[in-house]
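Undergrad: Okay, here's what each chain looks like letter by letter:
2 protein chains.
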Amino acid sequence: MLPRTYDNQVCSVARALEAIGDRWTMLVIRDAFRGVSRFEDFQKRLGIARNVLADRLNRLVDEGILTKKAYQERPERFEYRLTEKGLDLFPVLMSLMKWGDRHAPDEAGPPLVVLHRGCGGEIDARLRCDRCGESITALNAEARQPVPSAG
Amino acid sequence: MLPRTYDNQVCSVARALEAIGDRWTMLVIRDAFRGVSRFEDFQKRLGIARNVLADRLNRLVDEGILTKKAYQERPERFEYRLTEKGLDLFPVLMSLMKWGDRHAPDEAGPPLVVLHRGCGGEIDARLRCDRCGESITALNAEARQPVPSAG
Numbered sequence: 001m002l003p004r005t006y007d008n009q010v011c012s013v014a015r016a017l018e019a020i021g022d023r024w025t026m027l028v029i030r031d032a033f034r035g036v037s038r039f040e041d042f043q044k045r046l047g048i049a050r051n052v053l054a055d056r057l058n059r060l061v062d063e064g065i066l067t068k069k070a071y072q073e074r075p076e077r078f079e080y081r082l083t084e085k086g087l088d089l090f091p092v093l094m095s096l097m098k099w100g101d102r103h104a105p106d107e108a109g110p111p112l113v114v115l116h117r118g119c120g121g122e123i124d125a126r127l128r129c130d131r132c133g134e135s136i137t138a139l140n141a142e143a144r145q146p147v148p149s150a151g
Numbered sequence: 001m002l003p004r005t006y007d008n009q010v011c012s013v014a015r016a017l018e019a020i021g022d023r024w025t026m027l028v029i030r031d032a033f034r035g036v037s038r039f040e041d042f043q044k045r046l047g048i049a050r051n052v053l054a055d056r057l058n059r060l061v062d063e064g065i066l067t068k069k070a071y072q073e074r075p076e077r078f079e080y081r082l083t084e085k086g087l088d089l090f091p092v093l094m095s096l097m098k099w100g101d102r103h104a105p106d107e108a109g110p111p112l113v114v115l116h117r118g119c120g121g122e123i124d125a126r127l128r129c130d131r132c133g134e135s136i137t138a139l140n141a142e143a144r145q146p147v148p149s150a151g
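Sequences listed follow chains W and F, in order.
Just so we're aligned, residue 1 is where the first sequence starts under my numbering, counting upward by one.
Just so we're aligned, residue 1 is where the second sequence starts under my numbering, counting upward by one.
Incorrect hints may have been included.
These stretches of chain W come out as covered by chain F in the derived footprint (C-beta under 8 Å, 3 or more residues) [said to hold, decoys possible]:
id : segment
1  : 19-33
2  : 84-92
3  : 97-105
4  : 110-120
5  : 123-135
Which chain F residues stay away from chain W? Per the calculated CB distances, all over 10 Å, these [unchecked claim]:
id : residue
6  : G35
7  : R38
8  : N51
9  : N58
10 : R59
11 : D62
12 : T67
13 : K69
14 : Y71
15 : Q72
16 : E76
17 : R77
18 : V92
19 : D130
20 : E142
Quick look at which bits of chain F chain W covers, simulated, 3 or more residues with Cβ under 8 Å [to be verified]:
id : segment
21 : 15-24
22 : 78-91
23 : 98-112
24 : 115-123
Hints listed in this document are in silico derivations from the structure and should not be mistaken for laboratory results.
We put the beta carbon where it would ideally sit given N, CA and C, even for glycine.
Next up, chain W with everything else stripped away, as it sits in the complex (with noise of 0.2 Å):
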């Protein structure tokens, strides 16, 4: 068990972690943030075992993260989406890509670019356009696949 406090005082980094640390659990955030929705996609496209996954929804249902609502009634099955509490980690998950992008990179170069939905500038390590110095949020961000150079 992690503990809670630290010099007797408690720390909100420990208290985000309890919700949210875990390699998977962010996935499936970072997931649910790209639109995926319902339990055979999350599976699909992270390839983890069905309990696993399973656990993990349920902790962020748990945790007010995610909602759960049934799409379909027989059989029966649920969709996830993300409440204004998982929306809110939309600046952890942009500062962990903008790190990954910088400090473990990928030879191609950026997997994903987020952009400022109309304008076009890309979200910059502050979650500002660098086009227009607007803050981006998840609302008014778009995420795309970078063109490949060519070569």
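Please arrange chain F on chain W, whose structure you already have, making use of the hints.
TA: Leaving out everything else, chain F in the frame of chain W:
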């Protein structure tokens, strides 16, 4: 094993989580940002098993996030410091803290505030100073425990 590819593409979030995707790892990094550098001090603050701590520190050194340097010879003792790659995790840590402040709050309010050194403004969710608007980084940030309000 966490697969490195999804939809036949790499992902910077997945790559970042391979380096830091573990609760203890992030808490070690958090304490390193607060100036903790010695094994014994990490151990005392985190209440973590010594073998687990040693494993996480070694992984962070292998990943180039911490450096390890002897500060004493007999017995040999090491200190661990953030590299530039490690310092660049500041936005990840701050966005986690801000999310925890908002969505997993403690009754007494945020346990720690991060201030713009010299100015005294508080860091906002976009990692800017709420007083002067300047970007806050690991280099101009200062952590303080808020003064408890009289009750």
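Undergrad: Against this structure, judge whether each hint is valid.
TA: Right, here's what the structure says about each hint:
Evaluation of the coverage hint for the segment 19-33 of chain W: fulfilled, as 8 residues show C-beta separations to chain F shorter than 8 Å, against a requirement of three. Coverage of the segment 84-92 of chain W by chain F holds [criterion: at least 3 residues with CB-CB distance below 8 Å; count 5]. With 9 residues having a beta carbon nearer than 8 Å to a beta carbon of chain F, the segment 97-105 of chain W meets the requirement of three or more and the stated coverage holds. For the segment 110-120 of chain W, the assignment as covered by chain F holds, since 3 residues bring a beta-carbon within under 8 Å of that chain's beta-carbons and 3 suffice.
Given as covered by chain F, the segment 123-135 of chain W passes the check, having 5 residues with a CB less than 8 Å from a CB of that chain where 3 are the minimum. Look at G35 (chain F): its CB is around 13 Å from the nearest CB on chain W, clear of 10 Å, so calling it non-interface holds up. At the 10 Å boundary, the C-beta of R38 (chain F) stays outside the reach of chain W, the nearest C-beta of that chain being 16 Å off. N51 (chain F), annotated as away from the interface, keeps every beta carbon of chain W farther than 10 Å; the closest lies near 16 Å.
Listed as a non-interface residue, N58 (chain F) keeps its Cβ farther than 10 Å from every Cβ of chain W; the least gap is roughly 18 Å. Residue-level check passed: R59 (chain F) sits 13 Å from the nearest beta carbon of chain W, beyond 10 Å. Against chain W, the non-interface label of D62 (chain F) holds: every CB pair exceeds 10 Å, the least being about 13 Å. Look at T67 (chain F): its CB is around 15 Å from the nearest CB on chain W, clear of 10 Å, so calling it non-interface holds up.
Every CB of chain W is more than 10 Å from the CB of K69 (chain F) (nearest about 21 Å), matching its label as outside the interface. No beta-carbon of chain W is positioned within 10 Å of the beta-carbon of Y71 (chain F); the least distance is around 23 Å. Here Q72 (chain F) stays apart from chain W, with its beta-carbon at least about 25 Å from theirs, past the 10 Å limit. For E76 (chain F), the condition that its CB be more than 10 Å from all CB atoms of chain W holds, with the nearest at approximately 27 Å.
Residue-level check passed: R77 (chain F) sits 22 Å from the nearest beta carbon of chain W, beyond 10 Å. Its beta-carbon lying about 5 Å from the closest one in chain W, V92 (chain F) breaks the requirement of being farther than 10 Å from that chain. With a closest Cβ-Cβ approach of about 14 Å to chain W, D130 (chain F) is found to remain outside the 10 Å limit, as its non-interface label requires. With a least beta-carbon separation of about 17 Å from chain W, E142 (chain F) lies farther than 10 Å from that chain, consistent with its non-interface assignment.
Only when three residues or more bring their CB closer than 8 Å to a CB of chain W does the claim for the segment 15-24 of chain F stand; here the count is 9, and the claim holds. Coverage of the segment 78-91 of chain F by chain W holds in this model, with 4 residues showing a Cβ closer than 8 Å to a Cβ of that chain against a need of three. With 13 residues having a Cβ less than 8 Å from any Cβ of chain W, the segment 98-112 of chain F passes the three-residue criterion, so the hint holds. Coverage of the segment 115-123 of chain F by chain W is violated [criterion: at least 3 residues with CB-CB distance below 8 Å; count 0].
Hint violations for this structure: numbers 18, 24, all remaining hints satisfied.
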